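Number of protein chains: 2
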Amino acid sequence: MPALASNFKTEISTLIENKDFVTLKAKLAPWLPSDVAPILSELPIEELAVLFRGCSKELSAAVFSYLEHNAKHKLLKTLTQPQAAALLNELPSDDRTTFLNLLPLDLAMQLICLLTPEERKITQDLLAYPEHSVGRMMTLDYVDVHADWTVRESLDYIRTHGYDRETLSMIYVTDEAGILLDDIRVRRFLLAEPETKVSALMDGNYATLAPTDDREKALQVFRKYDRVALPVTSPESKLIGIVTADDMLDVASEEATEDIQKLGGTEALDEPYTTIALSKMVKKRASWLVVLFLGEMLTATAMSYFEDELAKAIVLSLFIPLVISSGGNAGSQAATLVIRALALGEFRLRDWWKIMRRELAAGTALGLILGAIGFLRIAIWSQFTPIYGPHWPLVGATVGIALVGIVLWGSLMGSMLPLLLKKLGFDPATSSAPFVATLVDVTGLIIYFSVALAIML
Amino acid sequence: MPALASNFKTEISTLIENKDFVTLKAKLAPWLPSDVAPILSELPIEELAVLFRGCSKELSAAVFSYLEHNAKHKLLKTLTQPQAAALLNELPSDDRTTFLNLLPLDLAMQLICLLTPEERKITQDLLAYPEHSVGRMMTLDYVDVHADWTVRESLDYIRTHGYDRETLSMIYVTDEAGILLDDIRVRRFLLAEPETKVSALMDGNYATLAPTDDREKALQVFRKYDRVALPVTSPESKLIGIVTADDMLDVASEEATEDIQKLGGTEALDEPYTTIALSKMVKKRASWLVVLFLGEMLTATAMSYFEDELAKAIVLSLFIPLVISSGGNAGSQAATLVIRALALGEFRLRDWWKIMRRELAAGTALGLILGAIGFLRIAIWSQFTPIYGPHWPLVGATVGIALVGIVLWGSLMGSMLPLLLKKLGFDPATSSAPFVATLVDVTGLIIYFSVALAIML
Numbered sequence: 002m003p004a005l006a007s008n009f010k011t012e013i014s015t016l017i018e019n020k021d022f023v024t025l026k027a028k029l030a031p032w033l034p035s036d037v038a039p040i041l042s043e044l045p046i047e048e049l050a051v052l053f054r055g056c057s058k059e060l061s062a063a064v065f066s067y068l069e070h071n072a073k074h075k076l077l078k079t080l081t082q083p084q085a086a087a088l089l090n091e092l093p094s095d096d097r098t099t100f101l102n103l104l105p106l107d108l109a110m111q112l113i114c115l116l117t118p119e120e121r122k123i124t125q126d127l128l129a130y131p132e133h134s135v136g137r138m139m140t141l142d143y144v145d146v147h148a149d150w151t152v153r154e155s156l157d158y159i160r161t162h163g164y165d166r167e168t169l170s171m172i173y174v175t176d177e178a179g180i181l182l183d184d185i186r187v188r189r190f191l192l193a194e195p196e197t198k199v200s201a202l203m204d205g206n207y208a209t210l211a212p213t214d215d216r217e218k219a220l221q222v223f224r225k226y227d228r229v230a231l232p233v234t235s236p237e238s239k240l241i242g243i244v245t246a247d248d249m250l251d252v253a254s255e256e257a258t259e260d261i262q263k264l265g266g267t268e269a270l271d272e273p274y275t276t277i278a279l280s281k282m283v284k285k286r287a288s289w290l291v292v293l294f295l296g297e298m299l300t301a302t303a304m305s306y307f308e309d310e311l312a313k314a315i316v317l318s319l320f321i322p323l324v325i326s327s328g329g330n331a332g333s334q335a336a337t338l339v340i341r342a343l344a345l346g347e348f349r350l351r352d353w354w355k356i357m358r359r360e361l362a363a364g365t366a367l368g369l370i371l372g373a374i375g376f377l378r379i380a381i382w383s384q385f386t387p388i389y390g391p392h393w394p395l396v397g398a399t400v401g402i403a404l405v406g407i408v409l410w411g412s413l414m415g416s417m418l419p420l421l422l423k424k425l426g427f428d429p430a431t432s433s434a435p436f437v438a439t440l441v442d443v444t445g446l447i448i449y450f451s452v453a454l455a456i457m458l
Numbered sequence: 002m003p004a005l006a007s008n009f010k011t012e013i014s015t016l017i018e019n020k021d022f023v024t025l026k027a028k029l030a031p032w033l034p035s036d037v038a039p040i041l042s043e044l045p046i047e048e049l050a051v052l053f054r055g056c057s058k059e060l061s062a063a064v065f066s067y068l069e070h071n072a073k074h075k076l077l078k079t080l081t082q083p084q085a086a087a088l089l090n091e092l093p094s095d096d097r098t099t100f101l102n103l104l105p106l107d108l109a110m111q112l113i114c115l116l117t118p119e120e121r122k123i124t125q126d127l128l129a130y131p132e133h134s135v136g137r138m139m140t141l142d143y144v145d146v147h148a149d150w151t152v153r154e155s156l157d158y159i160r161t162h163g164y165d166r167e168t169l170s171m172i173y174v175t176d177e178a179g180i181l182l183d184d185i186r187v188r189r190f191l192l193a194e195p196e197t198k199v200s201a202l203m204d205g206n207y208a209t210l211a212p213t214d215d216r217e218k219a220l221q222v223f224r225k226y227d228r229v230a231l232p233v234t235s236p237e238s239k240l241i242g243i244v245t246a247d248d249m250l251d252v253a254s255e256e257a258t259e260d261i262q263k264l265g266g267t268e269a270l271d272e273p274y275t276t277i278a279l280s281k282m283v284k285k286r287a288s289w290l291v292v293l294f295l296g297e298m299l300t301a302t303a304m305s306y307f308e309d310e311l312a313k314a315i316v317l318s319l320f321i322p323l324v325i326s327s328g329g330n331a332g333s334q335a336a337t338l339v340i341r342a343l344a345l346g347e348f349r350l351r352d353w354w355k356i357m358r359r360e361l362a363a364g365t366a367l368g369l370i371l372g373a374i375g376f377l378r379i380a381i382w383s384q385f386t387p388i389y390g391p392h393w394p395l396v397g398a399t400v401g402i403a404l405v406g407i408v409l410w411g412s413l414m415g416s417m418l419p420l421l422l423k424k425l426g427f428d429p430a431t432s433s434a435p436f437v438a439t440l441v442d443v444t445g446l447i448i449y450f451s452v453a454l455a456i457m458l
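So the protein sequences, as listed, match chains A and B.
In this text, residue positions in the first sequence follow our numbering: the first is 2, and each later residue adds one.
In this text, residue positions in the second sequence follow our numbering: the first is 2, and each later residue adds one.
No wet-lab data here; the hints were simulated from the structure.
It should be emphasised that the depicted structure is a prediction, and the values quoted were computed from it without experimental measurement.
Treat each hint with caution, since some may be false.
As the list claims (entries may be wrong) - Straight line, CA to CA, 20 angstroms or less: simulated PhoX-like cross-link-like pairs of lysine-lysine:
id	chain 1	residue 1	chain 2	residue 2
1	B	K58	B	K73
2	B	K10	A	K225
3	B	K58	A	K225
4	A	K313	B	K313
5	B	K198	A	K73
6	A	K281	B	K355
7	A	K28	B	K198
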């Protein structure tokens with residue numbers, strides 16, 4: 002942090018310790034809350050608790066928005082009920098919704114009751130949208146102007162109504178009924194002559210989100226349009242809120258974390274790995290691990306059908322882990338690639354046959370490569386060790402041919418399973434690497450022993 | 002797209018077809034290039050090629066920046082050399098670097114030679130920074146003002162120098178030597194009295210990036226500070242460029258894609274799954290698949306040491322896939338969680354023992370759960386089928402105890418391997434689920450047979 006800001010923080014800290022609220026107020030007065038909030042948010046919680054009692058509710062709200070969820074929670078507990086009420090009413094609606102959403106239900110309900118009827122209505126409306134929807138993330142802190150206003154009139158309006166809104170980068174144009182007509186970058190106003198009509202700045206080029214859109218969809222729209230904020234409209238095209246790009250950065254990271262954790266074969270933790278309670282983490286991991294374990298039990302069942310063959314040629318058992326894990330690896334590659342491509346919107350469900358064709362080709366090529374290596378390995382080893390017996394070419398052929406089939410099968414299963422899950426309305430990321438591997442293990446054993454039966458026995 | 006923009010596109014399209022450049026120019030004149038660029042970028046390439054010959058180079062550059070890489074490449078080939086030169090010189094430096102970076106080296110060199118000496122120097126400087134560094138992403142299109150200027154002087158300067166810069170949201174304050182003193186949101190200028198000094202708007206609160214910072218680090222800073230742009234400074238604190246948040250959204254998604262693909266056990270594709278050449282994709286997948294295959298061959302070697310034991314108790318082989326895959330699944334869970342936590346900066350390498358302690362506890366708990374289920378499965382089945390023989394309690398105990406050891410071992414390996422890789426300077430995401438699973442398979446077999454030897458044989 003630069004020296005200026007660091008000094009500022011120390012000075013404020015000293016004033017808080019001395020409870021010198023007069024000097025404190027004077028010190029803070031010249032600053033916009035949003036400019037000092039990031040500096041003040043680094044103060045220890047105890048000092049913040051004192052500060053919040055002495056400073057404006059605008060500043061409290063701005064600082065509060067910058068804190069981590071746990072710090073918010075702790076701080077709120079140090080405040081009296083009227084103080085907490087004032088603070089909560091002042092918070093931007095999107096920050097408030099996010100905060101309440103992470104609290105235990107009973108506490109959230111208690112806090113919602115502290116809100117003014119107007120803010121309570123807004124909050125309940127926002128919380129009524131599905132989790133992970135655009136509605137939950139949107140803020141009502143935007144500025145809208147009318148098309149027949151001049152730039153001067155608009156700027157005057159912004160000066161009186163837009164003070165310290167986080168979202169002054171875009172100005173929205175609406176008609177009397179609140180229908181969205183356009184969004185205009187604030188710099189257009191900055192660069193235009195004061196008497197220009199707003200309508201002359203309009204280009205009719207804007208993208209909108211619906212409040213019921215999933216946040217993953219919003220992410221795709223943001224990536225496409227390079228905007229700092231996007232308007233949210235009702236089915237009747239009324240402007241009802243906006244979503245800002247900095248919130249999307251958090252969404253992008255959360256969505257990726259969720260997908261990555263699911264791909265790793267665990268439920269999404271929804272909390273940082275380092276701070277989640279051990280019991281909670283074990284629960285989230287155990288559920289998937291047990292499901293996979295029960296699925297994998299079928300391998301024992303499948304193998305028991307081939308017990309006689311195994312007894313006749315114990316050498317077959319040596320290659321079981323090698324053969325089935327190759328199918329699992331190929332499958333987890335395919336699943337991972339398809340799941341990520343789906344999340345990025347690279348293709349649609351109805352293109353499934355294109356994916357299938359690709360994996361048919363890729364799976365065959367990969368199977369041939371591994372099959373050839375497998376055969377060679379057995380051929381070379383057999384020259385040095387008697388372990389594969391005089392029939393090593395048969396063993397080699399069995400392993401090689403089984404590998405082609407299993408790798409191809411794994412690639413097809415891995416690529417089609419996420420599509421099937423999506424089609425059925427589930428999250429495609431559920432078809433994690435371990436999940437696909439387990440499925441391929443069972444079918445892989447059947448392929449392996451069938452090839453062995455045909456060639457060796 | 003709203004009706005207004007759609008009409009506009011159709012009109013432009015007709016004018017281009019009719020080669021009516023006079024009306025075309027008049028039609029485009031009132032608009033800022035950056036406002037119409039997203040609309041025009043949706044025209045077909047052939048029409049764009051005509052448009053680029055008739056419109057200003059500012060507009061060409063703005064439209065060009067909006068196109069996909071392949072469209073850019075195709076379009077450039079339709080232009081004459083002087084046209085291409087004019088276009089490339091006009092591109093924002095960050096967009097140009099990104100574009101050149103994705104081209105084959107010889108073509109990129111050819112295009113760099115078309116640049117003016119000044120722009121060539123800028124481009125070569127930017128390309129000299131390591132791949133995926135902040136230097137490669139930064140743009141020089143920022144506006145800086147001096148602390149002793151008034152708001153009016155600054156706005157005049159912005160009007161003449163800042164016209165159509167993408168990055169007018171933040172204004173930078175520098176001294177005569179170019180040292181960065183502060184960044185100020187443009188709305189502060191908008192809301193301030195014209196005669197206010199810039200120094201009065203300064204709060205000394207800003208975060209900076211170094212050009213050598215990895216883009217993953219930049220992402221963490223952006224997430225922390227909620228800024229639309231961050232300044233990049235030299236070691237002497239000189240302002241040398243800025244990075245914008247909309248580019249970070251792409252970075253966030255690319256970084257996640259890379260990590261996800263590596264976690265799935267394939268090299269990062271670096272191209273969309275649906276468009277990458279099949280041969281290229283097979284190559285990227287085959288390399289890892291072969292490495293995993295060679296590693297997995299050790300399972301055959303390990304098992305051959307236990308061939309006699311296997312022959313004595315063929316029932317042991319039935320549970321091999323079940324037992325080793327459980328270790329692999331536990332390992333891939335742990336690896337995935339730790340890798341993601343590392344990427345998000347949730348903990349540091351020196352905290353490895355904290356992670357180890359967590360996994361020791363989680364692994365033991367998960368192992369006991371699976372071990373108990375495994376024992377029960379064998380106990381129940383043995384009542385209905387003679388397959389496990391009269392010694393089923395021994396078989397059950399072997400499987401159950403081995404599971405505890407293997408799941409614990411998998412969790413420890415999975416969590417420590419990414420940390421070890423990072424410590425050695427490799428990308429932790431390389432320790433993918435399949436990679437960890439393969440390692441655990443080999444050691445898992447040894448644990449399984451050792452337990453069997455102790456209990457059964």
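Hints, verified against the model:
Only pairs whose Cα atoms come within 20 angstroms are accepted, and K58/B paired with K73/B is accepted, the gap being roughly 15 angstroms. Proposed proximity of K10/B and K225/A is supported: the alpha carbons are some 18 angstroms apart, at most 20 angstroms. At most 20 angstroms may separate the alpha-carbon atoms for a hinted pair to count; K58/B and K225/A exceed this at roughly 23 angstroms. Between K313/A and K313/B, the direct Cα distance comes to roughly 13 angstroms. Compliance with the 20 angstroms bound is thereby established for this hinted pair.
Our distance criterion of 20 angstroms between C-alpha atoms is broken by K198/B and K73/A, whose separation comes to about 36 angstroms. As the CA atoms of K281/A and K355/B are separated by approximately 17 angstroms, the hinted pair is consistent with the 20 angstroms bound. Restraint check for K28/A and K198/B: the C-alpha separation of about 19 angstroms stays at or below 20 angstroms, so the hint holds.
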